[in-house]
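Work out the full structure: start from the sequences and follow the hints.
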Amino acid sequence: MSDRIEQARAELRSQIDAKVSSYFSSCIHCGLCAEACHFHVETGDPRYTPIYKLEPMRKLWRSEHTLSGRFSKLLGRSTELSEQDFADWEELVYDSCNLCGRCSMVCPVGIDIAYMLRKQREAFNLSGYTPEGMRNALQRTLTTGSPMGVTLKTLQATLAHVEKASGLTIPIDRQGADFMALFSSMEVVNFPEYIASVARIFDTAGVSWTISSEAFEATNAGIQIGSREGAKEIVSRAVNAAEKLGVNYLISPECGHAYTAIRWEGPNLIGRRYRFEVIHILELLDQLMREGRIRFNGKSDTPMTLHDPCQIVRRGGVIKAPRNLLHQVASGFVETTDHGSMNWCCGGGGGVSANERAEALRLKVFGRKKKQFEESGVDTVVTACANCRIVLEEGLEHYEMDTEVIGLTELVAEYLEQGAD
Amino acid sequence: MIGDFIDGPLWYLSLTVFLLGVVWRLVAILRVGVAPDFSTARHGGAGGALRTLFTRSLPRRPVFTRGKVQLIAGYMFHLGLFALLFLAQPHVEFISERITGFGWVTLPHWGFILAAEVAFAGLLLLLLYRLMNPVTRLISDTGDYTASLLVFLVMLSGCLALAQAYEGLRLLHLLLAELLLIYFPFSTLMHAFTFAISRGYTGAAMARKGVNA
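Heads up: the sequence lines are chains A and B, in that order. Remember, our numbering sits 966 above the position in the first sequence when you count from 1. Remember, our numbering sits 103 above the position in the second sequence when you count from 1.
What the hints contain is simulated information worked out from the structure, not anything from laboratory work. Worth double-checking, as some hints may not be accurate.
Distance condition first, Cα-Cα at most 30 Å in a straight line; then the derived DSSO-like pairs of lysine-lysine [as the list claims (entries may be wrong)]:
1) Lys171/B / Lys1337/A
2) Lys171/B / Lys1336/A
3) Lys1039/A / Lys171/B
4) Lys1198/A / Lys1210/A
If you're wondering where the values come from, they're calculated on a predicted model, not measured in any experiment.
What follows is the structure, given as structure tokens:
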């Protein structure tokens, strides 16, 4: 067995904590998790059953944490977790799982499958059985600072356009500002209107904020592929920059997994609490609205629904804020079936959108979103994640649906009453 | 001779294996521990753990729509089994005599028959589903079938022994129950205890984030 497979096995072994052990001990193989997974529901392929995607981890757990496994090992009847297992499961672990956690919400014995899959990816990353697209995204982030190769110069060019169009000055490296904003590369490249909206809203609300020239990227490819070291390096850049500037709050952009990375996993990756608080942009906008620092001038009467990004809502807990905001700016807001913490994933989370070879599968399982949107009976979808937005747009185009996707922060900015105090 | 062994030493042996095995499994799970969470929680985890411990007994609507068979059969089997185990007159008498020293209200004869029919129907439905559904067929292992078969045999022998007309049937039922007790800690039947830990962990982790799991 090669060194890297031995390392991967050791990593997987170290990932088995009391939670994992209780989860495997409790699993009765009822298959209900399959009914919550869009990959299984849309393809009917039993291999996409969420708990089955954890078979490598279960194999190791069984052989080392159960009496029957140890007994089988003694008798030479059990097989070690092999390189072939990593090769066979790579597609299930990366292409057919968004780490969306919908399965974790329905398990009758309470197994958090997404938690375990995230851990299992750490071992797969060490084994080398990872999708090329995700490997490259991590490598680019570590070398250039962004999975899309966005550098400080790229950001500055975008900010210059925003400043010219809005007449506002976007603060960079302002020592002692109250808030430091992070962005995702996709926002910088594909949706600069998000940055313009944030700038307008903050200017209206009188928010003391800044961007750091040392760390502006929020997306974390290390979290997605399962590289603890990579994820830690990316989180550390933002944490160090925020602490250097002495801000009180770090603003996570709309991007879903960026929020999970910086808000929930980050402190554990660096092994300590931050010296500031992390707030999601939607939480901040909701707070500004409740404090009366932003008000709205009219509402959109376009019928629209909300796509809840999994990592912000189900795995992040930002459930009410987007609804509070939407109710203020949209009179035609309707919920989809299975919304909020039971929403269906767009199919691009967990690094799947960066994994080119998974594209056909991703578009197939988008059929679930298509049905969900069709049932809602509206032609406009609001979301709050740049990655979801791109994936939704691609899926809607693939299925030739005439549905518009808009960002929530931009919608809020559109109806912002200027001059509120 | 064999009857005395089943009624005496084997009963105590199986009970001991069951109790020690369950404790050993629970300690083995918990002693591994969980890394400290440095993220700032929105809410305390204890309330979420307690809430999820109970709420996961009820299915969420989306999954109920798609997983009716497993859910309904699961309820039938578990409710029927609990009624038989803890409310059947022979069991209450047995537990009172051998363990607690006191008894409690028992099911009337028709209640026993009804509970047995519900439990049997649930178990058979679950087994059929396990065998026929592509998902459960793929993810099930020999342990799942062994546990189902053993529970089925214990229930069947129990029903046959109900009249208590034949001592042999009572002993057969007791023997099978003892085998089940010995097998229990080393099988998926442990979910009867570990479900509380797994629900608790998940409920607590999600509550910290502000999600009702």
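Which of the numbered hints above does this structure break? 3
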